[in-house]
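K.L.:
This is what each chain is made of:
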Amino acid sequence: MIFIENLGKFFISLISGVGKLILFIALFFRYFFKPKFYLKINFKYFINVFISSIPIIALTGIFSGMVLALQSYTGFSRFSAESAIPNIVVLTLTRELGPVLTGLMISARVGSSIAAEIATMRVTEQIDALKTLNTNYYNYLVTPRVLALTLAMPIFVTLVDFIGVMGGYLVSVYKLGFNENLYLLNTINFLSLNDYLSGIFKALVFGFIISIVSCYSGLYSGKGAFGVGSATTNSVVVSSILILFSNYILTEIFF
Amino acid sequence: MNIEIRNLQKKFNDNEVLKDISLKIEKNKSTIILGQSGCGKSVLIKIIYQLLNYEKGTILYEGKKNIDIDKFSMLFQYGALFDSLSLSENIAFTDYMDNKINYSKKVKSLMSDVGLDISNYHRYPAEVSGGMKKRAALARALYKNPKVIFLDEPTTGLDPINSDLINDLIIKVIKKRKITAVTITHDIKSAIKTGDNFYFIDKGITQEEGRCDNILSTKNKIFKSFITGARY
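Same order as they appear, the protein sequences are chains A and B.
Residues in the first sequence are numbered from 1 upward in steps of one, following our numbering.
Residues in the second sequence are numbered from 1 upward in steps of one, following our numbering.
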């Protein structure tokens, strides 16, 4: 009986959570299209997100490309198809690994920080203080973060794609003995604009998901240190699941 | 501004925090709301400020149900200063956000009023003491020239000397600017020092009311036990 009761509570809280999130997104768009636009805050936040994420993005790109080249070689060398490695590296990175890995890393690096910051603001009554200062927290807190991440993600993914391809190039040329010119030529010739753009579109969607989920987790956090911790964990877990889920849907669309 | 609250009720899920609260806040007077920690004092002032909704009851602002809350201001328990902004940007928050650049003179004058040295103008909240944060938060609350100021436990977290200084400051500021003040506290000493009228809340009900200079002569048993158990 207790099991059924708990199961019921779980589903009720799940449905209520989804409902609140949808309402939150609707309110975001409502205030986004009739904004009091804080340009200074938006720009400051974009620069902050951008600069703080570059190292982790570069590392994600270089290691993904290097590992991809090595693993592809292991497989393709079994039926003498090593020449396909540049194609596989660039295609996998631009269409799939670039956006997904960047999304997961940014969710852990930036999403968690957004959720923790906003949850701390809630716990220390700074959100209430915003209301008393006639400042809409959607305009002050949510819009800058959603805009910054949604716009920064395509740039991050482009960087990961480029650095990843260079990682694959380094391993292929200096470890696996590929001809350097041929590798680059194969990469460039094989890549189509659609491959790149499908990854960029995914990046935009993932950026929106991470920022919205993180802001939501922060604003609806519980009280005290436990509330801040839970908000941070929830933001990363929910963003990651939604990234993986929406990645499948988007891949189906662009297949 | 006169504010009247009649039979106010507030629930959080199944927890009935305020059961039956009635009180009157008189214009240009300092009203103190006393009660144990967790009795719903902060919830009450957030409801009056329209930061929270309520289930039942009536709140009348100058006899009307609606009010422009721009006339209100609040000093939060721990200041609630924004960590990413300097003290001056915090104090002049709305003008700073609207990219107005000529707030410096007003901020410096307010800093001087609340006893904050001008050398703290560019400092961040993390770089100053708790007492200085409270002063900066008070300056921020006064920046928009409010008609009513709500003070949520203004001396919490301060040592006795700083508590006295903040209390003196509150009296000075309220008298000088002719503001209606609503202070919530569980500190009897602060209540007697800074208040004109008081209301005592316990178990979600207004249990006692009167003038602050008569607090100690109360005959109400619950309030008496609160006084003896409270800091005094």
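Careful, some of the hints might be misleading.
Unchecked claim - Derived EDC-like pairs: lysine to aspartate or glutamate, alpha-carbon spacing no greater than 20 Å straight-line:
hint	chain 1	residue 1	chain 2	residue 2
1	A	Lys131	B	Glu89
2	A	Lys40	B	Asp95
3	A	Lys223	B	Asp95
4	A	Lys40	B	Glu89
5	B	Lys71	B	Asp83
6	A	Lys44	B	Asp213
7	A	Lys44	B	Glu208
8	A	Lys36	B	Asp14
9	A	Lys40	B	Glu208
10	A	Lys131	B	Asp113
11	A	Lys131	B	Asp14
12	A	Lys36	B	Glu55
13	B	Lys172	B	Asp213
14	B	Lys144	B	Asp70
15	B	Lys144	B	Glu127
16	A	Lys131	B	Glu208
17	A	Lys44	B	Asp68
18	A	Lys223	B	Asp70
19	B	Lys19	B	Asp70
20	B	Lys11	B	Glu26
21	A	Lys131	B	Asp98
Claimed, not checked - Just a few of them, taken from the derived set where beta-carbon distance is under 7 Å, the chain B residues facing chain A:
hint	residue
22	Leu52
23	Phe76
24	Ala80
25	Met97
26	Ile101
27	Tyr103
28	Ser104
29	Cys212
Derived from the structure by calculation, the hints contain no laboratory data.
No residue lacks a Cβ here, since even glycine has one placed at the ideal position from N, Cα and C.
K.L.:
Hint by hint, say whether it matches the structure.
P.N.:
Consistency of the hints with the structure:
1. For the given pair, Lys131 (chain A) sits about 17 Å from Glu89 (chain B) by alpha-carbon distance, which is consistent with the 20 Å threshold.
2. Between the alpha carbons of Lys40 (chain A) and Asp95 (chain B) the distance comes to roughly 13 Å, so the proposed pair stays at or under 20 Å and holds.
3. With a C-alpha separation of about 31 Å, the suggested pairing of Lys223 (chain A) with Asp95 (chain B) is violated against the 20 Å cut-off.
4. At roughly 13 Å between alpha-carbon atoms, Lys40 (chain A) and Glu89 (chain B) fall within 20 Å of each other, so this suggested pair holds.
5. A C-alpha spacing of about 25 Å is found between Lys71 (chain B) and Asp83 (chain B), which places the hinted pair above 20 Å, so the restraint is violated.
6. Restraint check for Lys44 (chain A) and Asp213 (chain B): the C-alpha separation of about 52 Å exceeds 20 Å, so the hint is violated.
7. About 51 Å separates the Cα atoms of Lys44 (chain A) and Glu208 (chain B), which puts this hinted pair outside 20 Å; it is violated.
8. Taking the CA atoms of Lys36 (chain A) and Asp14 (chain B), the gap is near 37 Å; set against the 20 Å cutoff, the hint is violated.
9. Pair hint Lys40 (chain A) plus Glu208 (chain B) does not hold up; C-alpha atoms about 50 Å apart against a cutoff of 20 Å.
10. Of the pairs offered as hints, the one joining Lys131 (chain A) and Asp113 (chain B) is violated, with about 25 Å between alpha carbons and a cut-off of 20 Å exceeded.
11. Between Lys131 (chain A) and Asp14 (chain B), the direct Cα distance comes to roughly 26 Å. Violation of the 20 Å bound is thereby established for this hinted pair.
12. Simply put, Lys36 (chain A) and Glu55 (chain B) have alpha-carbon atoms about 32 Å apart, too far for the 20 Å limit, and the pair is violated.
13. For the hint pairing Lys172 (chain B) with Asp213 (chain B), the CA-to-CA distance comes to about 18 Å; that is within 20 Å, so the pair holds.
14. A C-alpha spacing of about 8 Å is found between Lys144 (chain B) and Asp70 (chain B), which places the hinted pair at or below 20 Å, so the restraint holds.
15. Under the criterion of a C-alpha separation no larger than 20 Å, the hint pairing Lys144 (chain B) with Glu127 (chain B) is inconsistent with the structure, at around 25 Å.
16. For the given pair, Lys131 (chain A) sits about 31 Å from Glu208 (chain B) by alpha-carbon distance, which is inconsistent with the 20 Å threshold.
17. A C-alpha spacing of about 32 Å is found between Lys44 (chain A) and Asp68 (chain B), which places the hinted pair above 20 Å, so the restraint is violated.
18. A C-alpha spacing of about 28 Å is found between Lys223 (chain A) and Asp70 (chain B), which places the hinted pair above 20 Å, so the restraint is violated.
19. The straight-line distance between the Cα atoms of Lys19 (chain B) and Asp70 (chain B) is roughly 28 Å, outside the 20 Å bound, and the hint therefore fails.
20. Taking the CA atoms of Lys11 (chain B) and Glu26 (chain B), the gap is near 27 Å; set against the 20 Å cutoff, the hint is violated.
21. Straight-line distance between C-alpha atoms of Lys131 (chain A) and Asp98 (chain B) comes to about 16 Å, which keeps the hinted pair within the 20 Å bound.
22. Given the 7 Å rule on beta carbons, the hint for Leu52 (chain B) is violated: about 9 Å separates it from the nearest Cβ of chain A.
23. Below 7 Å, beta-carbon pairs count as interface contacts, and Phe76 (chain B) has one with chain A at about 5 Å; its hint therefore holds.
24. Annotation: interface hint on Ala80 (chain B) holds; nearest CB of chain A at approximately 4 Å, less than 7 Å.
25. Checking Met97 (chain B) against chain A: minimum C-beta separation of about 6 Å stays under 7 Å; hint holds.
26. For Ile101 (chain B), the interface hint is violated, the least distance from its beta-carbon to any beta-carbon of chain A being 12 Å, above 7 Å.
27. Using the Cβ-Cβ criterion of 7 Å, the hint placing Tyr103 (chain B) at the interface with chain A is not satisfied: the shortest such distance is roughly 13 Å.
28. The beta carbon of Ser104 (chain B) comes no nearer than 17 Å to any beta carbon in chain A, farther than 7 Å, and the hint placing it at the interface is violated.
29. Contact between Cys212 (chain B) and chain A, as hinted, is not supported at the beta carbon level, the nearest pair being about 26 Å apart and thus beyond 7 Å.
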